[in-house]
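Colleague: Chains as they are written, first to last, in the numbering used here: chain A, 436 to 1035; chain B, 436 to 1035.
For the record, the hints were derived by calculation from the structure and aren't laboratory data. Please note: incorrect hints may appear among the correct ones.
Any copy, or any two copies together, can satisfy a pair, since identical chains are not distinguished.
What the hints assert, rightly or not - Only pairs whose alpha carbons sit at most 20 Å apart, straight line, appear in this in silico DMTMM-like list of lysine to aspartate or glutamate:
(1) Lys-587 <-> Glu-673
(2) Lys-766 <-> Glu-948
(3) Lys-508 <-> Asp-610
(4) Lys-669 <-> Glu-1027
(5) Lys-930 <-> Glu-903
(6) Lys-587 <-> Asp-934
(7) Lys-914 <-> Asp-620
(8) Lys-592 <-> Glu-493
(9) Lys-1010 <-> Asp-934
(10) Lys-914 <-> Glu-707
Protein chains: 2
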Amino acid sequence: MADKFISIRNVKFLLFEVFDVLSLSEHVYFSQHNQKMYNLVLDAALKLSTRLLHPIFEEMDRNPPELIAGQVKVHPAVAGIMKEFGQGGWISATFPAESNGEQLPSMVANACFMMFFAANYSASVYPGLTAGAARLIDSFGNEGLKKTYLGKMLSGKWQGTMALTEPQAGSSLTDIATTALPTADGFYKIRGRKTFISAGDHDGAENIVHLMLARIEGAPAGPRGISLFVVPKKRMNEDGNLVSNDITVSQIFHKMGYRGTPIAELSIGDKEDCRGYILGEPHRGLAYMFQMMNEERIGVGLGAASIASAAYYAAVHYCKQRSQGRRLADKDPASPQIAIIEHADIKRMLLFQRAVVEGSFSLLMQCCKYEDMTRVALPQETSRYRLLLELLTPVAKTYASEMGILSTSQSIQCFGGYGYCQDFPVEQHFRDMRIHPIHEGTTGIQAMDLLGRKVVMENGRAFALFLEEVQAAMYAARKFPALSPLVSQLDKAVKLLQDVTFQLVAISHKGPEVYLADATLYLEFFGIVTVAWQWLLQAVSVHKAQAGELSTAEADFYQGKIFTARYYFAYELPKISGLAQRLTDGNPMTVEMKSCFFSD
Amino acid sequence: MADKFISIRNVKFLLFEVFDVLSLSEHVYFSQHNQKMYNLVLDAALKLSTRLLHPIFEEMDRNPPELIAGQVKVHPAVAGIMKEFGQGGWISATFPAESNGEQLPSMVANACFMMFFAANYSASVYPGLTAGAARLIDSFGNEGLKKTYLGKMLSGKWQGTMALTEPQAGSSLTDIATTALPTADGFYKIRGRKTFISAGDHDGAENIVHLMLARIEGAPAGPRGISLFVVPKKRMNEDGNLVSNDITVSQIFHKMGYRGTPIAELSIGDKEDCRGYILGEPHRGLAYMFQMMNEERIGVGLGAASIASAAYYAAVHYCKQRSQGRRLADKDPASPQIAIIEHADIKRMLLFQRAVVEGSFSLLMQCCKYEDMTRVALPQETSRYRLLLELLTPVAKTYASEMGILSTSQSIQCFGGYGYCQDFPVEQHFRDMRIHPIHEGTTGIQAMDLLGRKVVMENGRAFALFLEEVQAAMYAARKFPALSPLVSQLDKAVKLLQDVTFQLVAISHKGPEVYLADATLYLEFFGIVTVAWQWLLQAVSVHKAQAGELSTAEADFYQGKIFTARYYFAYELPKISGLAQRLTDGNPMTVEMKSCFFSD
């Protein structure tokens, strides 16, 4: 049991009890699935994680990718992982049957990826990215592109990437400078540099397929002049052989964590012989890319929560095994030491980790459910789910990523000095975690997206829908008297969130700098309230389950859930008071602070 | 300037403007020092840091110690560092002249160690530990021990360590099992195992001198049966040669950070030939050890704040160099990108780091001042300073260590993806930082010390003295109208701290488990208020300075200080509301939570 990295019981609790994944089967698109099948899929994912991914969790960290003679060499297991993921249908899990997919709900497919990520984040990124890239081609590509790429990618033979970032344009996609020159032959000639490309080159796949943003020559400056291209590392020549497409790896980065996946800097078209194939319409690339980007943001949140899960179970296991100290009232040095999990401070640290892990998972599954609903809901309702998903994506990505740092840090703390050493996995979890508030849009970018765009879009409709969702959860919870303290606390929290939001929107006339100066704190505030809502939803499901007969193990599971929900409301939710104070004190000091006051 | 790791301007601000180190010269013990001399010492420390320590900051991380044939091999520079630190008088800096020391105030010596730690934490631990161990011998050793050890240690030839932790007794010193058997020859035969011994063995010193806790055979169980011994790796035989003293290194730990210093597990007396020399009286070892422990706790706080300082200056430098994006109101993609330090969110992140770094340094200097005062104050006043120092040691250690994790994490965030890579130093700072809430007593241990012992000792006298100190600062601040919002905010915060403290003490009759269940949160609360007091003190000094003529650079420095103080009060101090809510809600859920509810 020392190697437990996720609770499949919790995964099933979320899917079947909280989010009722079976209700999706009422819709034609998902009607071929049932509980038995979902259980088989989930159990298979756990087995695959345990057999294929987890055993090389440390090995991939200790033997990071190397750039040798222009080719990135990764852990030898990567090729097999891609193959098994392809053959097992894990890359195509959510693709429609007509694209040879399994047509699984996003909820179920992402629940499987939770397990993969928890077992070995770096290893799971290869197939995960490939799925996102393939979906872009499936969504926007013409038949020729689909024919050439989809089969190879979904079978795990070819790797997919997202190639946005450039050295001079990190978060500022407006400034993308890679160029695409149209040719008479239909393809474009691509030239430029891309950096921080995850899985941007490696020898575990036969080919790398970059979904790349570039600017067609003569296109308008700024975001409206960016197009999306399929740019393979190797292109098919006339006789069907793969030949170089003039992309070279100029460097790979040596990272603190997430070391099993290479992050490459690419030089594209140095010999003027790189061909790119446009996806969809010219100049609409950024909008297309955001399909994959939003999917990957949910993926980053899942990755973060999954890493925190693995660290949490390592900590639980250790705290049960490790004896140290006595009950505080026991002053007899001759009495035996007790397991450290009996100390209140340790239980507090573990409850914190569990609150973050299971709260994040719940919110992410909520997002996946909205995604599934956009696919099957009646036309007049799809915008509701799309708006909720758009609103909550930056929140879910950021809550899991930022809190994941604190959660894995507390996992280390549970181990004491041992947690700082490589003998235990938690130091790696802590290192692996730190990328998450950065990749696929930093926390600052997510915050501007939430407050600058999502909260105010369509006259605040997404925000209003969110409030409705929270109200509905409180309504359901009121049926259980034991939950009434939580309901009234959440009610106050949501009112405070509304107040703060309205006060902020009211100062937006002072210009975006003042309005958005503390957007990151607003996002933090929003995240805490949102996860409180998720804990209330979970508490309702627990109370429903507790009405029936339960085995000891089941009773313990539900008791743990309720304690964690109570922990969240007692320890985490109160953090919003301080944030609200700051967000409404109307002092734009960070705007006024001059850079020369920071002595260099 | 890219390699700036500390602001000597800020160091001098704290020493001369905030804490008036020159006032110590009114006392005979420090009367031979003056400002010119202090400046020489400080400038020399910075030069030494820049020349000797900082250039190998990364190298020591990339080439960690190795255990080869029973001997720990460290970076070849360590021997030279020990030698220079010995010869330069840095190890003996605070020792009295009669022990061949420089008789410097703790404030000045620790200000120098701030620079050493910021330049290269791992490298500075070797001399730092040696100083603490030597001081124990100086304080409690007989003439023979002083003669044999002090000279060698203060000259950097021999390394000192503190050897407390055992594999079966981490934080629980009560359970120390290493034994000491008296012999007719005056020495004791030592047997046992010690673990996590920093610099516990290495080839950069001729000998290692362990200050080791052990239990004399037949001693009572528990903390009252523990004695302190000097146990060298090599002992002097009759002809004056060093011979093995039967201590073997069973392993060294491979750590996430702090990799330049070896952490060893030692097997002592396997051949029944390890000699230990008792320090002071039998059975009083724990009390003696706490002299070094408390000194090292301040050292850990300094180390943490110093690492955060280095990461902060790396971030400031990067944010001034790196162009990305435009002012939010500027929608013209053709306009040039601006340095990211111009973005409010980046300024907020930098202000946070500066608030933590300079707030921590200030609190640590405050502790050092109390230490200096215990040495020179009138007899009736020394207990005042001793109590204040005892009360604030766990607060200063923990605030710097816990907030240092968040601060270095924000340094990484300022760099975006680059911060996660080894091309920049901040990822190492983040890794180096993570040990600080663990070593020399975990945060949980500090919390129990604060709430379980320090706050209530002598009927709350230390706490009352602390309140007096804060009142005095507020009194001084009231002379500056611009500071009145800060004063009234601190006034409320201190009242809230009193309320919370009294409410907690009132439930202590429910037993220590309930009373101390949230001691860690109480410590966090205490730390935030304490650092607010320090920022008010700094703000007072700024206002005094601003009354005079200032150069542009000086004016900018003080403006930055004031903005940082305002930042602290606007963004950090409000965090106490949520903590107070939790600490007074009277729900001992972490005590009630059963370990079986944590599914393993």
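Colleague: Out of the numbered hints, which ones does the structure contradict?
Modeller: 3, 4, 6, 7, 8 and 10
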